[in-house]
Amino acid sequence: MHIDLTGKTALVTGSTQGIGAAIATGLARAGATVAVNGRTPQTVEAAVGALRLKVPGARVLPVAADLSTEAGADRAVDLVPDADILINNLGVFGVQDALEITDDEWRRFFEVNVLAAIRLTRAYLPGMMARSWGRVQYIASDSAVVTPVEMIHYGMSKTALLAVSRGFAKKAAGSGVTVNSVIAGPTHTEGVEDFVYDLVDRDLPWEKAQRAFIREHRPQSLLQRLIEPEEIADMVVYLSSPQASATTGGALRVDGGYVDAILP
Numbered sequence: 346m347h348i349d350l351t352g353k354t355a356l357v358t359g360s361t362q363g364i365g366a367a368i369a370t371g372l373a374r375a376g377a378t379v380a381v382n383g384r385t386p387q388t389v390e391a392a393v394g395a396l397r398l399k400v401p402g403a404r405v406l407p408v409a410a411d412l413s414t415e416a417g418a419d420r421a422v423d424l425v426p427d428a429d430i431l432i433n434n435l436g437v438f439g440v441q442d443a444l445e446i447t448d449d450e451w452r453r454f455f456e457v458n459v460l461a462a463i464r465l466t467r468a469y470l471p472g473m474m475a476r477s478w479g480r481v482q483y484i485a486s487d488s489a490v491v492t493p494v495e496m497i498h499y500g501m502s503k504t505a506l507l508a509v510s511r512g513f514a515k516k517a518a519g520s521g522v523t524v525n526s527v528i529a530g531p532t533h534t535e536g537v538e539d540f541v542y543d544l545v546d547r548d549l550p551w552e553k554a555q556r557a558f559i560r561e562h563r564p565q566s567l568l569q570r571l572i573e574p575e576e577i578a579d580m581v582v583y584l585s586s587p588q589a590s591a592t593t594g595g596a597l598r599v600d601g602g603y604v605d606a607i608l609p
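In short: position in the sequence shown from 1, add 345, done, that's this note's numbering.
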């Protein structure tokens, strides 16, 4: 399958590293102009440079803005007035005892993981609908379906994204715009390495630590390893393509078989 996104502009939030960076790279390889987002000019410039090394000739726009704030969202829209593809990847996670999560932490997880995506959807969806073409995606998680006891505030935010995605898909019905969520399973990123070592012996080398984490904390994974960011990106690039025109309102799993159900 040849995916050609030439002439399309994509904004990928939280795309200076990890899954977001892999998605930005995949979209650039497909020919899209990609807006790379992070909170500081330094991290964005580094990510833009790394992407251009991977994809020579890529058209890349730097978007240094804290999208968890209204001001940051406004700045992103000023820098990228029209987006054909919006990938809401920005998110935070962390381990915390359920009874010790403060009100401020509950608010922070909702504002960063959910409200930031809502703001940008609200900003870009009308233009997509007016042009009769667009793609909006939300990077959710297996935690949206299987709430992890060690971070229920994170699970709550990812469950909310499934509802947000389905709701905006209904709003875009018949317009030529598709809206979907992607349920990512346990994925190998720098942040997840820290998370894994919060749960297993820090003296273990990474390969053993990874296997111990899957065995002890994610034993239902059929893949029996962490997913690589590029594997998530492949699904996102497909959903961004004209070939995915009949897929909307869905929650598509790239979870390595982690969720023990046929449907989300």
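Treat each hint with caution, since some may be false.
[Stated by the list, open to error] Cut-off 20 Å, straight-line C-alpha distance, at most; resulting in silico cross-link-like pairs (DMTMM-like, lysine to aspartate or glutamate):
| id | residue 1 | residue 2 |
| --- | --- | --- |
| 1 | 399 | 415 |
| 2 | 553 | 535 |
| 3 | 399 | 573 |
| 4 | 553 | 573 |
| 5 | 399 | 442 |
| 6 | 553 | 543 |
| 7 | 553 | 538 |
| 8 | 399 | 576 |
| 9 | 399 | 579 |
| 10 | 516 | 442 |
| 11 | 399 | 575 |
[Said to hold, decoys possible] FRET-style restraints, in silico, Cβ to Cβ:
| id | residue 1 | residue 2 | range |
| --- | --- | --- | --- |
| 12 | 546 | 568 | 36 to 46 Å |
| 13 | 568 | 386 | 29 to 39 Å |
| 14 | 583 | 388 | 21 to 31 Å |
| 15 | 515 | 543 | 14 to 24 Å |
| 16 | 477 | 444 | 16 to 26 Å |
| 17 | 471 | 542 | 21 to 31 Å |
| 18 | 471 | 444 | 39 to 49 Å |
| 19 | 594 | 536 | 24 to 34 Å |
| 20 | 440 | 602 | 21 to 31 Å |
If you are wondering where the hints come from, they were derived from the structure by calculation, not from laboratory data.
Virtual Cβ for every residue (Gly too), placed ideally from N, Cα, C.
Verify the proposed pairing of residue 399 with residue 575, using a straight-line Cα cut of 20 Å. holds, 13 Å
Compare the distance between the alpha carbons of residue 553 and residue 538 with 20 Å, and conclude whether the hinted pair is satisfied. At roughly 12 Å apart (the allowed maximum being 20 Å), residue 538 and residue 553 satisfy the hint.
Has the given pair, residue 399 with residue 579, been kept, meaning a C-alpha gap of at most 20 Å? Distance ~16 Å between residue 399 and residue 579 Cα, so the pair holds.
Check the hint pairing residue 399 with residue 415 against an upper bound of 20 Å on the C-alpha distance. Violated: residue 399 and residue 415 sit about 32 Å apart, past 20 Å.
Pairwise hint evaluation, residue 573 against residue 399, where the allowed Cα distance is 20 Å at most: holds, 17 Å
Satisfaction of the hinted span 14 to 24 Å by the C-beta atoms belonging to residue 515 and residue 543: violated, 38 Å
Verify the proposed pairing of residue 553 with residue 535, using a straight-line Cα cut of 20 Å. holds, 16 Å
The hint says 21 to 31 Å between residue 471 and residue 542; measuring C-beta to C-beta, is that right? violated, 44 Å
Given the proposed pairing of residue 516 with residue 442, does the C-alpha separation stay at or below 20 Å? violated, 37 Å
For the pair supplied as a hint, residue 553 and residue 573, confirm whether the alpha-carbon distance does not exceed 20 Å. Holds: residue 553 and residue 573 sit about 17 Å apart, inside 20 Å.
With 16 to 26 Å as the target window, see if residue 477 and residue 444 comply at their CB atoms. violated, 49 Å
Range agreement (Cβ of residue 568 with Cβ of residue 546, hint 36 to 46 Å): violated, 22 Å
Hint check: violations occur at hints 1, 5, 10, 12, 15, 16, 17; the rest are consistent with the structure.
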